[in-house]
Amino acid sequence: MLVFDSVSRQYKDGTIAVNNVSLQIPQGEFCVLLGPSGAGKSTLMNMINGVVAPTSGSVAFCGEIITKSNMRQFQRQVGMIHQQLHLIPRLSVLHNVLSGLLPERGFWRSFFKFFSKEDQIKAFTLLHEVGLEAKHLQRRASDLSGGQQQRVAIARAFVSDPKVVLADEPVASLDPTMSRSVLNSLKSAAKHRDASVVCTLHQLEYALEFADRIVALRAGRVFFDGSPKDLDLQTQHAIYSLTQIEEKERVGKRGNEVAV
Amino acid sequence: MNVTEKKWQDWPTHQVITPKRIFFILVAFILLSISAHNTEIDKAAVDTSKAFLSAVGMGDSQVLDGAVRFVSKAFPIQISERTEISRIEGLDRADLPWFAYVEIGELREYDALDEKWTIEQTEYLVEPLGYLKKVIIKMWETIEMGFWGTLISVMISLPLGVLATKNYAPHRLVYTGARFWLSFHRAMPELIIALFLVLMYGFGPVAGVLALAIHTSGVLGKFFADEIENAPNGPQLALKSAGTSSLKVLRYAVLPHVLPAWIAYVQYIFERNIRTATVLGIVGAGGIGMELKGRWDLFDYDHVSTILLVIFITVLILEFGSQKLRTKTL
Ligand SMILES: Nc1ncnc2c1ncn2[C@@H]1O[C@H](COP(=O)(O)OP(=O)(O)OP(=O)(O)O)[C@@H](O)[C@H]1O
Ligand SMILES: [Mg+2]
Numbered sequence: 002m003l004v005f006d007s008v009s010r011q012y013k014d015g016t017i018a019v020n021n022v023s024l025q026i027p028q029g030e031f032c033v034l035l036g037p038s039g040a041g042k043s044t045l046m047n048m049i050n051g052v053v054a055p056t057s058g059s060v061a062f063c064g065e066i067i068t069k070s071n072m073r074q075f076q077r078q079v080g081m082i083h084q085q086l087h088l089i090p091r092l093s094v095l096h097n098v099l100s101g102l103l104p105e106r107g108f109w110r111s112f113f114k115f116f117s118k119e120d121q122i123k124a125f126t127l128l129h130e131v132g133l134e135a136k137h138l139q140r141r142a143s144d145l146s147g148g149q150q151q152r153v154a155i156a157r158a159f160v161s162d163p164k165v166v167l168a169d170e171p172v173a174s175l176d177p178t179m180s181r182s183v184l185n186s187l188k189s190a191a192k193h194r195d196a197s198v199v200c201t202l203h204q205l206e207y208a209l210e211f212a213d214r215i216v217a218l219r220a221g222r223v224f225f226d227g228s229p230k231d232l233d234l235q236t237q238h239a240i241y242s243l244t245q246i247e248e249k250e251r252v253g254k255r256g257n258e259v260a261v
Numbered sequence: 037m038n039v040t041e042k043k044w045q046d047w048p049t050h051q052v053i054t055p056k057r058i059f060f061i062l063v064a065f066i067l068l069s070i071s072a073h074n075t076e077i078d079k080a081a082v083d084t085s086k087a088f089l090s091a092v093g094m095g096d097s098q099v100l101d102g103a104v105r106f107v108s109k110a111f112p113i114q115i116s117e118r119t120e121i122s123r124i125e126g127l128d129r130a131d132l133p134w135f136a137y138v139e140i141g142e143l144r145e146y147d148a149l150d151e152k153w154t155i156e157q158t159e160y161l162v163e164p165l166g167y168l169k170k171v172i173i174k175m176w177e178t179i180e181m182g183f184w185g186t187l188i189s190v191m192i193s194l195p196l197g198v199l200a201t202k203n204y205a206p207h208r209l210v211y212t213g214a215r216f217w218l219s220f221h222r223a224m225p226e227l228i229i230a231l232f233l234v235l236m237y238g239f240g241p242v243a244g245v246l247a248l249a250i251h252t253s254g255v256l257g258k259f260f261a262d263e264i265e266n267a268p269n270g271p272q273l274a275l276k277s278a279g280t281s282s283l284k285v286l287r288y289a290v291l292p293h294v295l296p297a298w299i300a301y302v303q304y305i306f307e308r309n310i311r312t313a314t315v316l317g318i319v320g321a322g323g324i325g326m327e328l329k330g331r332w333d334l335f336d337y338d339h340v341s342t343i344l345l346v347i348f349i350t351v352l353i354l355e356f357g358s359q360k361l362r363t364k365t366l
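Those sequence lines, one after another, are chains E and B.
Just so you know, this note's numbering puts the end of the first sequence at 261, numbered straight through with nothing missing.
Just so you know, this note's numbering puts the end of the second sequence at 366, numbered straight through with nothing missing.
Just so you know, these hints were derived from the structure itself, not from any lab.
There are no misleading hints in this set.
With a Cα cut of at most 27 Å, we get these calculated DSS-like pairs of lysine-lysine:
(1) B/K329 x B/K169
(2) B/K284 x E/K164
(3) B/K109 x B/K169
(4) E/K13 x B/K202
(5) B/K364 x E/K136
My request is simple: use the sequences and hints to build the entire structure.
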């Protein structure tokens, strides 16, 4: 389905954020990316929808390698919940969700915010599914609580019937109850539509609870890949204990890369 | 090692007056004096003092004479219109315009052949508020000029403004071209554009409207472009990475953000255009300025003061109104 083939990404300053990663994510899987801050989770994820391009290796989608020329077409099949949400603050909740449909709608209709009844009902369905109410529809996105904004972002990501949904720390700033309910919404929305989810999390417990599969990254490399059952305590600790040797190795590498 | 170390009593104290500073002050003084002389600041000082002295009865003053010449004829202001009846075609004496009446007056004419002044008795039609009405109509025309100038300016500057942004121009060359074009518009003052346009389109409001549109589109376009460039990138990235085309991203992720600032600025430009439109008539580009210039050249200062009063009141009303609007939209 979604295939990473020895993908690497090096930033201009020499940082190797993702280092030779190979992964296959089948259709309908809820895959959680774990790893300490700076491990390369966001970078890996952003290579799926073209925000970041791999410096070597390739990402393929339905057997087709993603290139610059067919990027648009892939982007339309990918929904994303960004780490900072990136909702449009002064736009209503309804139109924030509908903005996920823009790629498929004509310019002039879009310009005058003319969305068909079916489109709007689709948005209503999603908003209802993630637990928002009719009174929220016309509110500005900036006038919602953090958890509600999170839900709007989920609804926007799903509105275009994507085959893959990327969620970058969707529960980063929420309390535990809210986090569970947001993750539940995300998982059930994906299950209904048979969409794969790639989701980064910082909380191990949620990963164990929700994931079909866990991929742990450390310093840009895959450190663990398997079902939550196989993730024993020792490995769990190891994920977050980036050793000083590794850190030095990375810094040293960065220096070398720059010199070359 | 501490060879250069001094005792603390000998540490250097802070000096306020140094030769360097004295030199700089001297140079600045000389440059300012030269510039002041070029712009007749000295003459202004002398003549103004003379005017004050003359006002308390000491000596003559050209400045005061000028002011007196204007003021003595400017009041009372003239709001009525007198027209020779012989020049009005098809006047129905039984059905005069509102409040109008007929008056017998003297018509003085200089006969160049006899080198004599001839004085004739003629009838005049007097409309008590006729001139005020005429000025108000002219003022309305001026406001309309400001309105259309602003509207056309927005129509020019919107597309140019979008092309003048780094993130939405299709090419760097287009960006540079649009920026240059906008500065070109900005760099030409309205009065100078109006001079040219009067030559091309003839006397009248067209020249004024286009002059306003051309100059202010340069100002507005730059403002639009800067606002777009400063809009937060996150929402734009979110839509773009879902495969949305640039124009739609502009409409959904940028426009809602920049619109309040745009509206405030367009409003300011509209206000400014009306103020500018009042003087464009001086070069024949329509509006109340044409009437002002005509009356000024005939030394009809009482009419001039009516015009000035109407302009003054209009500007006050506009400023008050737009302040109200601004507090409402923001
Ligand atoms: N635009 C960039 N330019 C240079 N370096 C970058 C850039 N973006 C990310 N990096 C570096 O790449 C590495 C991986 O970053 P990434 O954002 O993928 O981490 P992450 O796993 O998502 O971390 P977090 O959990 O904190 O979000 C980091 O060392 C980061 O500093
Ligand atoms: Mg991240």
